[in-house]
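S.K.: Each chain, written out:
Number of protein chains: 2
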Amino acid sequence: MKPLILISNDDGYQSGGLQSLIEALRPLARLVVVAPDKGRSGMACACTFSVPVYKWLVADNDDVAVWGCSGTPVDCVKLAFADVLTEQPAMVIGGINHGDNSAVNAHYSGTMGVVYEGCMKGIPSVAFSLDSHDPFADFTPLVPWIQKITSYVLERGLPKGTCLNVNFPATPTYKGLRVCRMAWGQWKNEFERRDHPRGGDYYWLTGKFELGELSDADADRVALNEGYIAVTPFRLDATDYALKTELEKVFSAHE
Amino acid sequence: MKPLILISNDDGYQSGGLQSLIEALRPLARLVVVAPDKGRSGMACACTFSVPVYKWLVADNDDVAVWGCSGTPVDCVKLAFADVLTEQPAMVIGGINHGDNSAVNAHYSGTMGVVYEGCMKGIPSVAFSLDSHDPFADFTPLVPWIQKITSYVLERGLPKGTCLNVNFPATPTYKGLRVCRMAWGQWKNEFERRDHPRGGDYYWLTGKFELGELSDADADRVALNEGYIAVTPFRLDATDYALKTELEKVFSAHE
Chain R
1 MKPLILISND DGYQSGGLQS LIEALRPLAR LVVVAPDKGR SGMACACTFS
51 VPVYKWLVAD NDDVAVWGCS GTPVDCVKLA FADVLTEQPA MVIGGINHGD
101 NSAVNAHYSG TMGVVYEGCM KGIPSVAFSL DSHDPFADFT PLVPWIQKIT
151 SYVLERGLPK GTCLNVNFPA TPTYKGLRVC RMAWGQWKNE FERRDHPRGG
201 DYYWLTGKFE LGELSDADAD RVALNEGYIA VTPFRLDATD YALKTELEKV
251 FSAHE
Chain L
1 MKPLILISND DGYQSGGLQS LIEALRPLAR LVVVAPDKGR SGMACACTFS
51 VPVYKWLVAD NDDVAVWGCS GTPVDCVKLA FADVLTEQPA MVIGGINHGD
101 NSAVNAHYSG TMGVVYEGCM KGIPSVAFSL DSHDPFADFT PLVPWIQKIT
151 SYVLERGLPK GTCLNVNFPA TPTYKGLRVC RMAWGQWKNE FERRDHPRGG
201 DYYWLTGKFE LGELSDADAD RVALNEGYIA VTPFRLDATD YALKTELEKV
251 FSAHE
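Keeping their order, the protein sequence lines are chains R and L.
Residue numbering for the first sequence follows the working numbering, starting at 1 and increasing by one per position.
Residue numbering for the second sequence follows the working numbering, starting at 1 and increasing by one per position.
No lab work stands behind these hints, which were simulated from the structure alone.
In this text, all values refer to a predicted model and were calculated from it rather than measured experimentally.
Be aware that a few hints might be false.
It does not matter which identical chain is used: a pair holds within one copy or between any two.
Heads up, simulated DSS-like pairs for lysine-lysine below, C-alpha to C-alpha not over 30 Å straight-line [as the list claims (entries may be wrong)]:
hint: 1; residue 1: Lys175; residue 2: Lys121
hint: 2; residue 1: Lys38; residue 2: Lys175
hint: 3; residue 1: Lys121; residue 2: Lys2
hint: 4; residue 1: Lys121; residue 2: Lys208
hint: 5; residue 1: Lys208; residue 2: Lys249
hint: 6; residue 1: Lys148; residue 2: Lys121
Generate coordinates for the entire structure from the input sequences, incorporating the hints supplied.
M.R.: Here it is as structure tokens:
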């Protein structure tokens with residue numbers, strides 16, 4: 001029997017990227033999809049405490065079951081494990097995201113929220129994103145690479161506490177695949193003020209991302225800009241061990 | 001003139017923890033608070049794209065300005081930089097959170113969202129959390145430690161891309177301070193199903209956190225359990241450099 005893969009995303013279960021991911025993975029695995037009922041971009045690892053969460057079956061055939069869920073991407077994964085899956089999945093996959101999740105901006109990503117959550121549950125987890133917000137973007141060039149990376153992870157696994165963040169350039173042909181690190185950068189002018197027609201003002205989150213490094217080939221955003229698929233391994237453990245050692249000297253007198 | 005510190009949290013600007021933080025930091029700095037108008041726990045690094053964000057001045061006196069904001073903790077920090085602060089702050093501080101933000105659960109934390117955002121902006125950033133959800137918890141034992149850690153960071157700074165996650169035990173006396181790493185653990189039985197009175201069912205996010213390591217003294221949750229203040233340095237760069245090196249060998253044929 002084919003292995004089972006749990007899929008979620010942050011663009012909603014009706015997104016084109018999710019449909020393309022299903023088609024790409026169908027030859028490799030049985031699929032359970034539990035995904036938000038609407039766009040939930042920028043939700044990071046957010047989860048829902050204050051309101052109840054609902055789920056409902058959308059489709060179930062040919063080894064693909066699709067559930068809609070009222071919660072965040074992380075809620076979707078948690079709810080799948082709590083009351084949808086009847087066996088441990090071999091992998092958790094997030095995507096295909098409409099838009100890249102590269103550089104420090106991965107910290108805002110609901111797609112990466114899916115993958116962090118899978119990783120926390122001890123399941124090998126991978127995010128796929130396309131560097132295009134075009135709702136009619138062509139995902140077919142990604143398919144062989146998604147199948148290749150998924151097959152590799154199904155066969156070899158990933159170290160405990162580590163997941164993969166895979167970003168594809170918008171260009172339909174790739175120069176190749178590059179193993180990367182998270183690029184540094186900063187947002188500028190992030191909120192735009194508008195006058196409210198009834199008085200007062202309000203703000204839209206917007207802004208311009210300034211990449212902090214433009215030449216390091218292994219920075220994920222640079223690799224994308226150069227036409228490479230960027231594969232960045234992420235670890236859940238956020239500890240800065242170098243600073244830990246340093247601070248131990250500073251604070252050691254206080255134990 | 002005293003340095004300027006930007007404060008936010010995820011419990012809302014009226015929370016007791018925030019008021020205690022203001023009192024603790026007042027002797028050290030001028031303070032600008034931009035904090036959510038209601039509890040926004042579990043919002044991680046989420047930010048708001050689909051609805052406008054509002055802010056309003058709540059109080060402004062004695063070198064303390066307090067703004068309420070309709071957005072997430074990360075929105076609060078972004079909006080402060082975009083249209084509240086008139087100078088770069090010397091630090092960004094999140095808290096004092098009602099409840100701990102230790103182990104892998106820091107990934108869900110809006111308090112850590114504040115601190116990640118400050119760190120992304122290149123500002124030394126620190127989160128303070130108390131391991132108690134009692135809304136009337138006594139924060140006074142934390143004050144000298146918060147002043148000590150803040151003074152240290154004001155004077156010495158933090159490396160670029162690194163921030164601090166500080167958790168205090170619920171006990172009013174501490175055995176000391178321990179520099180820690182993020183503990184591993186997993187949530188079990190995370191959603192509780194309920195019958196809806198109008199038919200169908202819904203779910204509440206709940207569950208039990210099982211700490212994955214019970215004996216390693218430098219795991220932050222273990223230090224807390226043993227009565228120590230846990231100071232964990234976090235780095236923004238989530239790259240797993242060990243796996244990066246390994247994957248480069250696997251995929252190097254594809255460039």
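S.K.: Of all the hints numbered above, which does this structure not satisfy? Sort the numbers upward.
M.R.: Violated hints (numbers, rising): 1, 2 and 5; every other hint is consistent with the structure.
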